[in-house]
Amino acid sequence: MQSNALSLPVPRLAGDGGPEPERNDPVLSVRGLRTDFVTAVGTVHAVRDVSFDLRKGQRLAIVGESGSGKSAMAMSLMGLVPPPGRVVGGSVRLNGKEIVGLDDAGISRVRGKDIGLVFQDPMAALDPLKTIGSQFVETIRVHQDVPVKAARKMAADLLGEVGVNDAARRLSDYPHQYSGGMRQRVLIAMAIANDPSVVVADEPTTALDVTTQAQVLDLLAKICDERGNALVMITHNLGIVEELCDSVNVMYAGRFVECTSTEALFASPGHPYSKALLDCVIDPANARRGALPAIPGSPPDLSVDEPGCPFAPRCPIGRDQERCAIERPQPRTLSNGAVVRCHFAYDPQGETA
Amino acid sequence: MTSTLLKRLGVALATIFGASIFTFVLLRKVPGDPARAIAGDTATEETIAALRKSMGLDDNLFVQYGNYMGSLLRGDFGFSYSTGNSVGTLLGQRLPATLELGLLSVIIAIVAAVLAASFAVYSRRRWPDQAVRAASSLAMGSPPFWIALLALMVFSIQLGIFPGPEGRLSPGMLKPPNITGMFTVDSLLAGQWGTFANAAWHLILPAAIVAMGPFAFLSRLYRNQLRGTLRETFVAVSRSHGLRRLPVYNRHVAPHGLLSLLPAASLLFADLLAGSLLVEKVFGWPGIGSMTADAIIQKDFAVVQAVLLLAAVLYVVVSLLADLLMTAADPRTRVGAR
Chain A
205 MQSNALSLPV PRLAGDGGPE PERNDPVLSV RGLRTDFVTA VGTVHAVRDV
255 SFDLRKGQRL AIVGESGSGK SAMAMSLMGL VPPPGRVVGG SVRLNGKEIV
305 GLDDAGISRV RGKDIGLVFQ DPMAALDPLK TIGSQFVETI RVHQDVPVKA
355 ARKMAADLLG EVGVNDAARR LSDYPHQYSG GMRQRVLIAM AIANDPSVVV
405 ADEPTTALDV TTQAQVLDLL AKICDERGNA LVMITHNLGI VEELCDSVNV
455 MYAGRFVECT STEALFASPG HPYSKALLDC VIDPANARRG ALPAIPGSPP
505 DLSVDEPGCP FAPRCPIGRD QERCAIERPQ PRTLSNGAVV RCHFAYDPQG
555 ETA
Chain B
16 MTSTLLKRLG VALATIFGAS IFTFVLLRKV PGDPARAIAG DTATEETIAA
66 LRKSMGLDDN LFVQYGNYMG SLLRGDFGFS YSTGNSVGTL LGQRLPATLE
116 LGLLSVIIAI VAAVLAASFA VYSRRRWPDQ AVRAASSLAM GSPPFWIALL
166 ALMVFSIQLG IFPGPEGRLS PGMLKPPNIT GMFTVDSLLA GQWGTFANAA
216 WHLILPAAIV AMGPFAFLSR LYRNQLRGTL RETFVAVSRS HGLRRLPVYN
266 RHVAPHGLLS LLPAASLLFA DLLAGSLLVE KVFGWPGIGS MTADAIIQKD
316 FAVVQAVLLL AAVLYVVVSL LADLLMTAAD PRTRVGAR
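Residue numbers (our numbering), protein chains in the order written: chain A, 205 to 557; chain B, 16 to 353.
Chain A with its partners taken away, still in its complex shape:
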């Protein structure tokens, strides 16, 4: 598994402003990750050959439409792909430890401690029959050998840190006594309770109303800054990417089609799909009434892996190109450092390289 070829070079990041530690090993290193869902009607290849590195303090966004394989990838990182899904190939290394293929005991030692996950729907993410306190204490004591009382104190401190008022008393409350935004704060606090080096947030604000979204995102950013966790933000919201993340991997049909820095993506998207995604962002100041911008067509059926570029049928360039229909584009680096999988990517230096 370790011998798996680097199928997609990882972009070197520059200018994220933070104290980028020199030459340290990546905290998370993914190589050739593949995840399948075997169903009665066929095998869905949700994640196909995904590779990337994540360094301490880095904030990486994974963007793409629904059904592009983002969530399946997030779950694969945790070893939590729901059946009938399964990681069928590749490697995920956390702080140097390979986690693909670990048994229940092995992966349980990693989850929560090396990598934490913030889920999409905070309303469903807490056990309605247990108090917040008991769930929090349980989470802490999985990895830390502390008495219940001490764990409760730690839980209260963490809740205070994420902005829950009167935290000590609210530990005895049940999830239904918390609002959606508050529950997501609780879940963030639980996810970081054992100080994982990587936090994966799978569309953490999708289920929240707009006013709470910004608060929760700010909180995530603040927490990661203060504690130095690396962040993988799974989202379809490019606004979040611009505000929060320093690098972006654009995902389409289970593969990264563009890996670049946030700056470069917004300045000049290389892949036609990235460009199409950016074109769909509505600017309320200049929006005209009428049809909302959209990418024509729909994401491809992931149970078939056709030879050409999966985006070709929807692509303004590739639609008419024979090459895009028969030859799968291999990753290549553009002049601004972006790595794209496209025969006709927009290079900021030339027309279409």
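Since the hints were made in silico from the structure, they are not lab data.
Just to be clear, a hint being listed does not mean it is correct.
Residues on chain B that point at chain A, a partial pick, calculated with CB under 8 Å [as the list claims (entries may be wrong)]:
| hint | residue |
| --- | --- |
| 1 | E247 |
| 2 | V252 |
| 3 | G257 |
| 4 | P270 |
| 5 | D338 |
| 6 | M341 |
| 7 | T342 |
| 8 | P346 |
| 9 | R347 |
| 10 | V350 |
For every residue, glycine included, the Cβ atom is placed at its ideal position computed from N, Cα and C.
Dock chain B against chain A, hints included.
Relative to chain A, chain B alone:
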């Protein structure tokens, strides 16, 4: 909370009232003249007419119902013509036997269903689930009286492991002192170990057979509830925190299953009063079921009516209790939102 409780109580009383009217009218309207049945084939028309008058059968239905309810409220369940006893006495004799059988079979059904379904769902293999589903289909599809006959043939006649259809104790065995009326409990309380063993030995086979239907129902319900809960996000969340399979199952999956079992199991218990009717008959079990079967054949109105009403009361009371328990057990209903 109190207003909900009062509302529930009101509904419960209304249900019992409705049930009393329904059983009363139904039994008065079925074909066949109870007076004629009691007086016998050789009785003259005058005797029958006199009997009808003394039983109050000539009054209009409202008057009859009024009389019936009046005596009921005084604790008088009427008179059983076929046995020559008051219905109250009969119930006092028969009810403990049925309760003992019913309680044990509900316990067997719940324990077996929870164990089987937990194993089926928790196992990573497929066969336990298929086995439990097959067992529950079989248990649901076979008529209990037929299984009872089969079990008697195999376990009692062929193998001789369990006693034959001789009731609650071996012939010649003295009854334990009457405390609860349930022989196993009473013999334990009195320290009569021999009697306890004998009573338990007589109880196990019919209880297991009566438990089959409820087992089938509960194991399916529990299995489906567990499988549904396993798909919940909070289960994935606790896994993501590093909890292993078994603790997640014990702390976050099983409690939801058990909570859903509570109302179902309570309704089954109320059902068992009437549900074991034919099994009691086959095993010669002197309970409510066999008494009711006899009473129906004899057109002994007072008995059938009392049993039906008792079943309705039990049903209403038990489901009321289950409701209250559910409310208390589920924090979403117990604790208001903030």
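*asked:* Interface hint check: B:M341, Cβ to nearest Cβ on chain A, cutoff 8 Å. Holds or violated?
replied: Hint on B:M341: violated, closest Cβ of chain A at ~12 Å, above 8 Å.
*Evaluation of the interface hint that places B:G257 against chain A, nearest CB under 8 Å*: holds, 4 Å
_Given B:P346 as an interface hint, is its Cβ closer than 8 Å to any Cβ of chain A?_
holds, 4 Å
*If you take the shortest Cβ to Cβ gap from B:P270 to chain A, is it below 8 Å?*
holds, 5 Å
*asked:* Just to be careful: measuring from the Cβ of B:V252 to every Cβ in chain A, is the smallest value less than 8 Å?
replied: Hint holds; B:V252 Cβ to chain A Cβ min 5 Å, cut 8 Å.
*Any CB of chain A closer than 8 Å to the CB of B:V350?*
holds, 6 Å
*asked:* Holds or violated: the hint that B:T342 contacts chain A, with Cβ atoms closer than 8 Å.
replied: Check failed: Cβ of B:T342 comes no nearer than 13 Å to chain A, outside 8 Å.
_Interface hint for B:E247, Cβ within 8 Å of any Cβ on chain A_ = holds, 7 Å
*Agreement of hint B:D338 with chain A interface, Cβ distance less than 8 Å*: violated, 18 Å
_Given B:R347 as an interface hint, is its Cβ closer than 8 Å to any Cβ of chain A?_
holds, 5 Å
In this structure, the earlier hints numbered 5, 6, 7 are contradicted, and the remaining ones agree with it.
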